[in-house]
Amino acid sequence: MTEHALMSDPGTSGRFGDYGGRYVPESLIPACHEIEAAFRDAWADPGFRDRLTTLLTVYAGRPTPLTPAHRLSRELGITLLLKREDLTHTGSHKINNVVGQALLAQRMGKRRLLAETGAGQHGVATATAAALLGLRATVFMGERDIERQELNVLRMHVLGAEVVPVTTGSRTLKDACNEAMRHWVASVDDSYYCLGSVMGPHPYPWMVREFQRVIGEEARAQCAAELPAAVPDYVVACIGGGSNAAGTFAGFVDTTARLVGVEAEGGAAATFGRAGVLHGFRSLVLQDEHGQVQEAHSVAAGLDYPGIGPEHAHLRDGGRARYETVTDAEVVRALVRLARTEGIVAALESSHALAWVIRAAESGGIAPGSTVLLTLSGRGDKDIASIKELL
Amino acid sequence: MTEHALMSDPGTSGRFGDYGGRYVPESLIPACHEIEAAFRDAWADPGFRDRLTTLLTVYAGRPTPLTPAHRLSRELGITLLLKREDLTHTGSHKINNVVGQALLAQRMGKRRLLAETGAGQHGVATATAAALLGLRATVFMGERDIERQELNVLRMHVLGAEVVPVTTGSRTLKDACNEAMRHWVASVDDSYYCLGSVMGPHPYPWMVREFQRVIGEEARAQCAAELPAAVPDYVVACIGGGSNAAGTFAGFVDTTARLVGVEAEGGAAATFGRAGVLHGFRSLVLQDEHGQVQEAHSVAAGLDYPGIGPEHAHLRDGGRARYETVTDAEVVRALVRLARTEGIVAALESSHALAWVIRAAESGGIAPGSTVLLTLSGRGDKDIASIKELL
Amino acid sequence: MTTSLEEFLTARRAAGRRLLVPYVTAGAAPGWTDVVRAYADAGADAVEIGFPFSDPMLDGVTIQEASDRAIAAGTTVTEILREVTALDVGVPLVAMTYGNLVFQRSGAEFCAALATSGLRGLIVPDVPLEEAGDLADAAAKEHLDLVLLAAPSTSRDRLRQIAGRSRGFVYALTRMGTTGERGEVPEQAARLGRDLKELTDLPVLFGFGVSSPAQAAELARHADGVVVASALMRRLLDGARPRELGEYVASIRRALDGAVDREPDEHATLPRHRRRPDPQDQVGPLPRG
Amino acid sequence: MTTSLEEFLTARRAAGRRLLVPYVTAGAAPGWTDVVRAYADAGADAVEIGFPFSDPMLDGVTIQEASDRAIAAGTTVTEILREVTALDVGVPLVAMTYGNLVFQRSGAEFCAALATSGLRGLIVPDVPLEEAGDLADAAAKEHLDLVLLAAPSTSRDRLRQIAGRSRGFVYALTRMGTTGERGEVPEQAARLGRDLKELTDLPVLFGFGVSSPAQAAELARHADGVVVASALMRRLLDGARPRELGEYVASIRRALDGAVDREPDEHATLPRHRRRPDPQDQVGPLPRG
Ligand SMILES: Cc1ncc(COP(=O)(O)O)c(C=O)c1O
Ligand SMILES: Cc1ncc(COP(=O)(O)O)c(C=O)c1O
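Chains as they are written, first to last, in my numbering: chain A, 1 to 391; chain B, 1 to 391; chain C, 1 to 289; chain D, 1 to 289.
One should not assume that every hint holds.
Claimed, not checked - Every beta carbon over 12 Å from chain A, so not counted as near; a handful from chain D, in silico:
1. Arg37
2. Asp59
3. Asp68
4. Glu79
5. Ala151
6. Leu159
7. Thr200
8. Asp201
9. Ala240
10. Glu247
Said to hold, decoys possible - If you anchor each label on the Cβ, the simulated ranges turn out as follows:
11. C:Ala14 <-> B:Ser8: 44 to 54 Å
12. B:Arg274 <-> A:Ala224: 35 to 45 Å
13. C:Arg241 <-> B:Leu390: 48 to 58 Å
14. D:Ser155 <-> A:Glu217: 52 to 62 Å
15. D:Asp201 <-> A:Arg274: 52 to 62 Å
16. A:Asp41 <-> B:Ala230: 36 to 46 Å
17. B:Ala230 <-> A:Gly134: 24 to 34 Å
18. A:Pro46 <-> B:Met108: 48 to 58 Å
As the list claims (entries may be wrong) - Derived SDA-like pairs: lysine to any residue, alpha-carbon spacing no greater than 20 Å straight-line:
19. B:Lys388 <-> A:Ala385
20. A:Lys388 <-> B:Gly369
21. A:Lys388 <-> B:Arg111
22. D:Lys197 <-> D:Pro186
23. C:Lys197 <-> C:Ala240
No wet-lab data here; the hints were simulated from the structure. These numbers were taken from a predicted model, which means no experiment stands behind them. In this text, a Cβ means the ideal position worked out from N, Cα and C, and glycines have one as well.
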């Protein structure tokens, strides 16, 4: 894959360099083919695009603003711009992808959306889109996440979705993915698997990135209006599976901006992972010497994932993006700092990106005077109860 | 006051017909004068207006979309349009007013914002604007509300605000207002009282309505683009103090739209109140035969207020707006219904407006085929925990 | 025509007396009228009677609590007036309450009812100058003195208007803030007292935060006297009997009398027992209207 | 050259025998190799050995739990291979695991290791046709049969490709869904079996949800035999000894043998005790490679 083709259509193989592919049971192959064909068709259909754009605009609150973080910028000696995905309906970038996939499911005649969820944001978004389009929704969520993201569980209930607790393994996102896949295998006729990040079998990593591309495209135009240099020096986003980062990077991959993905230290597949196959795709995976996948550990339920989207692994290998880690303690401090300097309570997930920016700016890793675009992937309401004890 | 002057500048007396005025202790009179002068000055200053508009745009997420509620409209046989204040930063229309007042406070050289809060939305908005502008914030909140809106209390803490529990009286919004006023009297030199609704002494009812007018003005233009008749048949909003309704009505008061304010049955000052003086203004107040103010009772903390903004009392007397009540049970049903038909979890407060629309449409009170603009004043995340038991 | 509040207080002041107006919340305790009597006996120059309101914006916790108790016990304006009508304590009684009770029917009706019950003055802290016009007229018609408040934050120009419009006395707030006891006498109070004294011949009384005889005495140096409320109400809520409240008023009375022409720094050493002053020595008792 | 999995099964089928492949998760219980022996003794035509993986996407709760136990007990690929090398049970052993274990170093290395340990086949449910190219080549090089899966959702065209590319047998999924026991034999299984039989001479074995001897017998009617996994693993997790597992396999063996040429509706009344079939009657034991 040549440089200019970065973040483009990965073709029928769904490969991003060595990564990606479609490692699923034979039972799911026809469904994956069907989704790929439907997505190619829809994505090339101006009618579909219009419908999506309309919903994102009149329903989900796009475009989201670009907020200059004046006070924090001053403290850090940089220009920090926040892309405000926290202001979307349901409170995170997840809605961009879900509205797209739900429209696709409807177009395909499916009656039900299946989803895995970690922080609950993707689950809430899925429950939301299902209600909006009159579909049913079944959301798989690890028991541990159900405990720490109770607000989102209740939201899903109010929205009429069925939340299925997953009691296997680490009882977090990884296991919810397994369970959702299993369930999908069994109900593929009437159910559409609405995957929440740039992972899973082809065409998901590509399709989800395309649905999230709107973040990067909006931000690119907003930066052009806001910054003398038009393009920021850094483009930073947190990485769970990597969808908000992929959507953001997609808008800047062909610029001079340095792309930085920030992982939770306890779930840093790009940093500590080895190549492997999980949940239908080949990528970097946290695993022990024997190949058993490890449990991720992060204060942010949405980053508690031992893999990373295949395209990120490819961007890393090629050096186009770099991946950094931050600790839980840095993240909580960053969350509070942003709240107290800018009045924005960001999600713990998003606070990872911020924690890195703070550390890098304060240690000279980001040169003074640099311009930084940071995607604030979601709002922190869901986390307030769980960080109460950490304050 | 003649018909054409409705919802305009109430002059130095701050009177809306028989209502309004400035019933505060002498100690506060200079502060009220100072604020009135500062507001008049700022409101006439394009620089101030620009700064406000910029913050509302790049920070608070304005304009908010107008969402056609397709599925619910079909069920009700009407065209229901939702003005999405739930999508603003912090999740309710309160931010519009608070950003305006906080800028004013800063312009006046104040160092601290005081606020009362019921649902916590105004408190969160105040804490937010204070953080944004580098001011301190002290928020008074009834103990009972602190219990039922815990999420918002934690948000205020994270934002660095001081939350003062009010243990007097009904321990809800009314008492928080008393306490905030008392505190203001004692600290008027360095503190600005950031009042959360169209109430209190002049210039607050007018000023807050002006800061909220953006809702109505945006909605007016959006309706013009969306509706063949340009103007909806009904314009509906919930009423606590009445700020989201006032801001909305201001955009339509000079049209043919019927204006409807919806109160909680247990806090329906416009319906069951008598003229009285409370918290610095003359208006309709729920009181017993002896003149003691009654406690309001509503499932929505933000509507638990025994008074109504003075301008609403005036609009009612003149017949330009009408005021309706709904029960807690209808409200919870309406909240769930909107969630399941449109994927929008509205605040309990906003669900009052919806509950009336549903009842009126289903009983023929709103004729089939009517167009209805409803201001969705906020999102329901804060209420999820408390309605859990009611589902 | 009977002596008005203003005439009564002015006459006493003319006699060289520092004025003392103790406060009681009507209905805050059973037999609260005995408290009024005890105050009068202890040397009060007038008694302020609070008509309890559910939302007393300018009051601190003590008077809030007294109000809540009174309301919970079923105290109403009608009932208070009935009891007051039967009271004859030789000094004027002044009603203090909030606008919502005053305007229940109309300011005129309320004033008429007060006057009929023998009250001589009215204080409504949430009805400032601009809102007081009609009420002042109505009060005047009933020969009821509508007392206006002045605050440390009030401009000199406005003080002049207030002084011009107030009747009975000018109620000077010692400080910004609500009622309640405080330790120090703020410098701003002294200034407000001086300013008002320059602007008006009306008696000027300090209120808010007068919490000890010594403090009362010091404050009185800057004006014509004091209103004492929370310090008394706290004792009443703590279970003090009318006699005990009367003794406390008497101690303030002594301090005030001793304070006449004394320097402030001597107050701390005021002799404990002084001759109890007899109001009759100065101005005769108030004839019933 | 030694007999391949495919040759072995084809020969047994040629002798008129319904093929039976029981499954065990390596390491799920101490002495799991005795389970393999018991299976062989009970008339298995091959034994499928699961190499436990942390995230077994296609497995139901029973095999997930067996995998978790095995991993918790420290089971590794190396350790399994060591134990398998020492196993000689007279029928071919087939590895079943997930892509992540296969690709740890490379498919080629993994296949070589399996072959060295005497395994004859490999099943990787999350490596479908498109992703199987290199792995199939590597397996072929090691004379290891890479068994591909076919599902009820697989198109006829694709079935043809799978059948063409698969070695050893074709693993036909009885239904959409994960492993685990189910009551009925779905109609779709029958159809898939018929389609595959039309397309290939490879043995076609049904797997997933074979949960009773009667069901095994019915399924076998539509193809060449069955893989039995969860029903055995559940018993193992419940504490069954190798001998008891062997007895269960024997009961399936009897049902399969009895089922030859019988109509499906007679299965329910199959006599309980039939002569225990001796595999040697049909095809000789597998010589060690
Ligand atoms: C707010 C927020 N940000 C980020 C993520 C991580 O997902 P991704 O890496 O796909 O953007 C999540 C996942 O739940 C989330 O809720
Ligand atoms: C979401 C929401 N809507 C409405 C209200 C009521 O306020 P108002 O009547 O001033 O709009 C509140 C008050 O807290 C609120 O939080």
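Here is how each hint holds up against the structure:
Every C-beta of chain A lies more than 12 Å from that of D:Arg37, the closest at about 26 Å, which supports listing it as non-interface. Look at D:Asp59: its CB is around 8 Å from the nearest CB on chain A, not clear of 12 Å, so calling it non-interface is violated. The claim that D:Asp68 is not at the interface with chain A is violated, since a C-beta of that chain comes within 12 Å of its own (minimum 7 Å). For D:Glu79, the shortest C-beta to C-beta distance to chain A comes to about 9 Å, within the 12 Å cut-off, and the non-interface label is violated.
Listed as outside the interface, D:Ala151 is inconsistent with that label: its C-beta sits roughly 4 Å from the nearest C-beta of chain A, within the 12 Å cut-off. For D:Leu159, the shortest C-beta to C-beta distance to chain A comes to about 10 Å, within the 12 Å cut-off, and the non-interface label is violated. In this structure D:Thr200 is separated from chain A by more than 12 Å, as the shortest Cβ-Cβ distance comes to about 15 Å. With 12 Å as the threshold on Cβ separation, the claim that D:Asp201 sits away from chain A holds: the shortest Cβ distance comes to roughly 20 Å.
The non-interface label for D:Ala240 is consistent with chain A: the shortest C-beta to C-beta separation is roughly 22 Å, beyond 12 Å. At roughly 30 Å from the closest C-beta of chain A, the C-beta of D:Glu247 stays outside 12 Å, upholding its exclusion from the interface. For C:Ala14 and B:Ser8, the Cβ-Cβ distance of about 52 Å falls inside the hinted range of 44 to 54 Å, so the restraint holds. Take B:Arg274 and A:Ala224: their Cβ atoms lie about 59 Å apart, and the range 35 to 45 Å is violated.
A hinted range of 48 to 58 Å for the beta carbons of C:Arg241 and B:Leu390 is consistent with their spacing of about 50 Å. Distance hint check: the CB atoms of D:Ser155 and A:Glu217 are about 37 Å apart, inconsistent with the given range 52 to 62 Å. At about 41 Å, the beta-carbon gap between D:Asp201 and A:Arg274 misses the expected band of 52 to 62 Å. For A:Asp41 paired with B:Ala230, a C-beta distance near 38 Å keeps the hint of 36 to 46 Å intact.
Between B:Ala230 and A:Gly134 the C-beta distance comes to about 30 Å, which sits within the given range of 24 to 34 Å. Between A:Pro46 and B:Met108 the Cβ separation comes to about 52 Å, which falls inside the hinted range of 48 to 58 Å. At most 20 Å may separate the alpha-carbon atoms for a hinted pair to count; B:Lys388 and A:Ala385 meet this at roughly 16 Å. The hinted pair formed by A:Lys388 and B:Gly369 fails the criterion: a straight-line CA distance of about 49 Å is larger than 20 Å.
A C-alpha spacing of about 27 Å is found between A:Lys388 and B:Arg111, which places the hinted pair above 20 Å, so the restraint is violated. Note on D:Lys197 and D:Pro186: the hinted pairing holds, with a Cα-Cα distance of about 17 Å set against a maximum of 20 Å. A hinted pair counts as satisfied when its Cα atoms are at most 20 Å apart, and C:Lys197 with C:Ala240 does not qualify at roughly 35 Å.
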